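Chains as they are written, first to last, in the numbering used here: chain A, 27 to 598; chain B, 27 to 598.
Some clues are possibly wrong.
Any copy, or any two copies together, can satisfy a pair, since identical chains are not distinguished.
[As the list claims (entries may be wrong)] Dumping the calculated DMTMM-like pairs for lysine to aspartate or glutamate here, alpha-carbon to alpha-carbon at most 25 Å: (1) K164 / E127; (2) K527 / E389; (3) K275 / E416; (4) K447 / D518; (5) K301 / D202; (6) K126 / E43; (7) K60 / E278; (8) K31 / E537; (9) K588 / E244; (10) K38 / E94; (11) K447 / D485; (12) K509 / E456; (13) K121 / E168; (14) K509 / E289; (15) K509 / E222; (16) K164 / E104; (17) K309 / E94; (18) K60 / E127; (19) K588 / E559.
Quick caveat, the hints were computed from the structure, so don't treat them as lab data.
It should be emphasised that the depicted structure is a prediction, and the values quoted were computed from it without experimental measurement.
Number of protein chains: 2
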Amino acid sequence: MRISKYYLATLKEAPSEAVIDSHKLMIRAGMVRKLASGVYTWLPTGKRVLNKVENIVRREMNAAGSLETLATMVIPAELWIESQRYDSYGNNLLKFKDRKEADFVLGPTHEEVFTHLVRQEVSSYRQLPLNLYQIQTKFRDETRPRFGILRTREFIMKDAYSFHLNHESLVETYKDMETAYHKVFTACGLQFRAVEADNGDMGGSGSKEFQVLAPAGEDVIAYCENSDYAANIEKAPAIPSTVRQAPTKEVEKVHTPGVASIESLVDFTKTDITKTIKLLVVKGATEEAPLVALALRGDHELNEVKANHHPLVASPVTMADFAEIERVFNAKPGSLGVVNCPIPLVVDDTALTVSDFATGANETDYHLFGVNWDRDVTNYQSADLRNAVEGDPSPDGKGTLSLTRGCECGHIFMLGDKYSKAYNFTVTDENGQNLHPLMGCYGIGVTRVVAAAIEQNHDDFGCTLPDALAPFLVGLVPVNYNKSEVVRQFADQFYQELPLKDEVYFDDRGERLGVALADIDLLGVPYQFIVGEKNLANNQVEFKNRRTGEKELLSIEEAKAKAKELLLNYVK
Amino acid sequence: MRISKYYLATLKEAPSEAVIDSHKLMIRAGMVRKLASGVYTWLPTGKRVLNKVENIVRREMNAAGSLETLATMVIPAELWIESQRYDSYGNNLLKFKDRKEADFVLGPTHEEVFTHLVRQEVSSYRQLPLNLYQIQTKFRDETRPRFGILRTREFIMKDAYSFHLNHESLVETYKDMETAYHKVFTACGLQFRAVEADNGDMGGSGSKEFQVLAPAGEDVIAYCENSDYAANIEKAPAIPSTVRQAPTKEVEKVHTPGVASIESLVDFTKTDITKTIKLLVVKGATEEAPLVALALRGDHELNEVKANHHPLVASPVTMADFAEIERVFNAKPGSLGVVNCPIPLVVDDTALTVSDFATGANETDYHLFGVNWDRDVTNYQSADLRNAVEGDPSPDGKGTLSLTRGCECGHIFMLGDKYSKAYNFTVTDENGQNLHPLMGCYGIGVTRVVAAAIEQNHDDFGCTLPDALAPFLVGLVPVNYNKSEVVRQFADQFYQELPLKDEVYFDDRGERLGVALADIDLLGVPYQFIVGEKNLANNQVEFKNRRTGEKELLSIEEAKAKAKELLLNYVK
């Protein structure tokens, strides 16, 4: 590609609203432009990267036996009413009427469309299993679109839906998809982890997220260095690393004026934070218990997903308001504790291993010290309520957990019969019996992969995307192209001899060298050949590896051979 | 592709609502399914064909120097308000509000988005020309979606927008796009014509349609057998083939009770229809002339697009109602004529060449015979008002016109400065002066190409698509695959040896031969190898050319060589 004929659109500065690196760089490198909140146009450089992701996804899905289809963005509302998600999906589901006042939605996901399609097509076990995918545009009317391309409203997703006669068949396809996803992210050249995940409101029995590792990721991943274990922190069991010691102290009530948080308790009383127990009051799931108390060690965080799953706790987790708390406890929220708790008490497993601890006295401006479970507190349940932390035992018993952050770019689910039941979709089995097929669904956020890849692969100068995703593979930068006849002739000839010119970033603009080098580094062209008059006089060309930053002088013959080899071996 | 692992979805019958062949066949061949009026899901076989069209379009657009981008389907209403099309586009423009009550539209076309994008990016002549394209999903909320995939509401279009400093640059890109479109439709293997077209409400100075020829096409094309001339009948000048003869008769008034149409006049009076003149009364464009009369030879059709362009006629053309006509003419509509016409009269150029003609007497149940222009009718204007017919002189003077029908699958426009002016988009030229860039736009209906291709290429047994668009290139049909071990082993081995297996339709389902042959013909796999036990015993395989229907027996070696050669030479 001659860059004089290309639309580069690089910028020195990113807009101030861009806070994460991929957002800044995608704007600066001329990959995308914002049209409206969460709505972006892809410019040529961005589209080149996006096409590469799409091609990899298509290739691996085809290889795994999934069949490509294409549904529409516009979906009749009746399909969403039938699945009972028309209301429950919330405001992310964009609803509208057509010219005949018929109700439609913009598809945020396509379980409905594919279940409906397949129930019309399939009636016999002979037609199963079936695995259909599409690479298609979705719209989710997010409250707060953010982080550039990581969370937009309109985006491209590869979504696949599989249909099965029995669980074994579902598991087989689920595993095939898991393998295909490993191949996709490996082929993209990304560092990623497949992690156990919560199913959310998708229903079903199993799910795994494919997390592209990056410090700005929205998800926290707990993983074991010594094994394959990895889970979204939402899902990772938090296992106590110690057992409880016997009590050594008696309960002592202390006046703690103005101490309304664990932090101030620790500051004020010089207590070890791991010897404190805090109480959170949330709405209950039942009429008998409209409020429920959750006890955690002072330094631990509540895991809302785990709390959601507790039968006593209303889902989604909702904190009780202060007035309600004061009415029930007759104490201010900063002085709550586990002794004589007036509402049902659920204690985190790890909190239960603490002895001789401090906790609120359920009396404003007082705390108790030297408290011990079972001696001083007897009426409680226990559960895993907290987020795992670094150093917790790995659930597989093979060491301890570390934490890292990731961007969820893929998700595979075993859905079970949730949708086939809702749609009254049955097939006859070998014995003529009707049964609801089991389903799986499998998504990859195609546009998000581009952002996550840049989040993971960049430096102070711009993008450092892996070869498979870089917008161009090879760069050719002539110095003084418009002034030096020698350079011009050589560079034109060099370019002319190269195969796969579409992957060659040939900067024939005649810009100043500083500008040219800044642009090619901003885009992150992995292999750069810089052609200058002085080096040419010595029969040499400078070669730079963008990711390592290494530079070396090659003979003209070596340079040409290297560029050709890189291009000929490039698999798009 | 092993068809046992594929989702074929062929049907014996098409739904009764399918009236044209491509619609019937696309349903029967398992290419698409209807989800809602004008909203279709593409099944694997359809998506395979669609991908081939997309790949050809992408390849030729890239080769022509257009740069791929991707805009969104969801567009802020403000961009459409700024172009003043938010209201004027009509109900085809689907409007909705997002969760924050902001107004949006689903993009039916993207002049607005691309003009807005480029005005933010480009400020200097140095950045022009620029030609950006996308292959993207549109939504037009048609009143009456029809003809299956030929006119849907949600569809895929390749749309390109170019920006220029001056007319020469616009013309250059326009011609490049014209050439690229010729290459696209040629590569698809389709019979097509590039025809002159009316600009409609797009503005601008020139446009050409690319019509895929097919009897069911919505458009009529006039073309010259002896030259390159071709135009949409909307646009084709209708030139008189004779000159007017001198009057030979006097005017005679005849009682014609019950004669209220040209047809009954011809029947009743045994008059030659080419010696009759009919009068159509339409709404006028001006207050001075609220009604206007249009005179045409009895056998000619009014060309509404030409009438639209006449300064006296209201656009769009609207027939006057009967009551209005009777009030002004004091005669019933069936008895109107050109003598003493009480409203402004516009006479078609060809009607003006008729002498001694019959026409209504402007008196109920009377007609005049022996009427002659200028002698009997003096107050009139003339214009080209009719559709061209077979045998009319070609406007380029190189012979006569023939008519055929086509599906408009591509359209290229010179838009001029309509949008850059509406968007107040200027660039500075070489002299530092601000000017509005000129624009072109270039569309291909990607989904429509598939339907048009089938409309053009089918027979009683199914689709006969050209190689480039056929869902699979090569078919392998083993007879009794599940029963004959010899056939099974041979077919498996044959398949195993083939390259590009994705293009091989290997029917390993073990269906009855009749079903297998009907399915492969319905899909239209161009080159079919039928493997049966009897032929194998003679070292032979049957080869069938789907389009010609020719069958021949090949030796096993010839068959294998032929299949391999076809696949290795296949350019997708």
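Evaluated hints:
1. With identical chains, the CA atoms of K164 and E127 are at most 25 Å apart both within one copy (22 Å) and between copies (20 Å).
2. For the identical chains of this complex, K527 and E389 are neighbours neither inside a copy (76 Å) nor across copies (77 Å), given an alpha-carbon limit of 25 Å.
3. For the homomeric pair K275 and E416, neither the shortest alpha-carbon distance inside one copy (30 Å) nor that between copies (109 Å) is at most 25 Å.
4. Within a single copy, K447 and D518 get their C-alpha atoms no closer than 64 Å, and across copies no closer than 39 Å, so neither meets the 25 Å cut-off.
5. Taking the shortest alpha-carbon separations for K301 and D202, neither the intra-copy value of 47 Å nor the inter-copy value of 77 Å comes in at or below 25 Å.
6. Taking the shortest Cα distances, K126 and E43 sit within 25 Å of each other only across copies (20 Å), while inside one copy they are farther apart (40 Å).
7. For the homomeric pair K60 and E278, neither the shortest alpha-carbon distance inside one copy (60 Å) nor that between copies (74 Å) is at most 25 Å.
8. With identical chains, the CA atoms of K31 and E537 are at most 25 Å apart within one copy only, with a shortest distance of 14 Å there and 55 Å across copies.
9. Taking the closest pair of Cα atoms, K588 and E244 never come within 25 Å of each other, the shortest separation being 40 Å inside a single copy and 55 Å across copies.
10. In this homomeric assembly, K38 and E94 come within 25 Å of each other (Cα to Cα) only across copies, at 23 Å, whereas the closest approach inside a single copy is 41 Å.
11. Neither within a single protomer nor between protomers do K447 and D485 lie at most 25 Å apart by alpha-carbon distance, with minima of 50 Å and 42 Å respectively.
12. Only between protomers do K509 and E456 lie at most 25 Å apart by alpha-carbon distance; the minimum there is 21 Å, versus 78 Å within a single protomer.
13. In this assembly of identical chains, the alpha carbons of K121 and E168 lie at most 25 Å apart whether taken from the same copy (13 Å) or from different copies (19 Å).
14. When the C-alpha separation of K509 and E289 is checked against a cutoff of 25 Å, the pair qualifies neither within a copy, at 67 Å, nor between copies, at 78 Å.
15. In the homo-oligomer, the alpha carbons of K509 and E222 never lie at most 25 Å apart, since the shortest distance is 59 Å inside one protomer and 46 Å across protomers.
16. With identical chains, the CA atoms of K164 and E104 are at most 25 Å apart both within one copy (18 Å) and between copies (22 Å).
17. In this assembly of identical chains, the alpha carbons of K309 and E94 never lie at most 25 Å apart, being 46 Å within a copy and 52 Å across copies at closest.
18. In the homo-oligomer, the alpha carbons of K60 and E127 lie at most 25 Å apart only across protomers (19 Å), although the nearest pairing inside one protomer, at 31 Å, exceeds that limit.
19. In this assembly of identical chains, the alpha carbons of K588 and E559 lie at most 25 Å apart only when taken from the same copy (20 Å versus 54 Å across copies).
Checked against the numbered hints above, the structure violates hints 2, 3, 4, 5, 7, 9, 11, 14, 15, 17; every other hint is satisfied.
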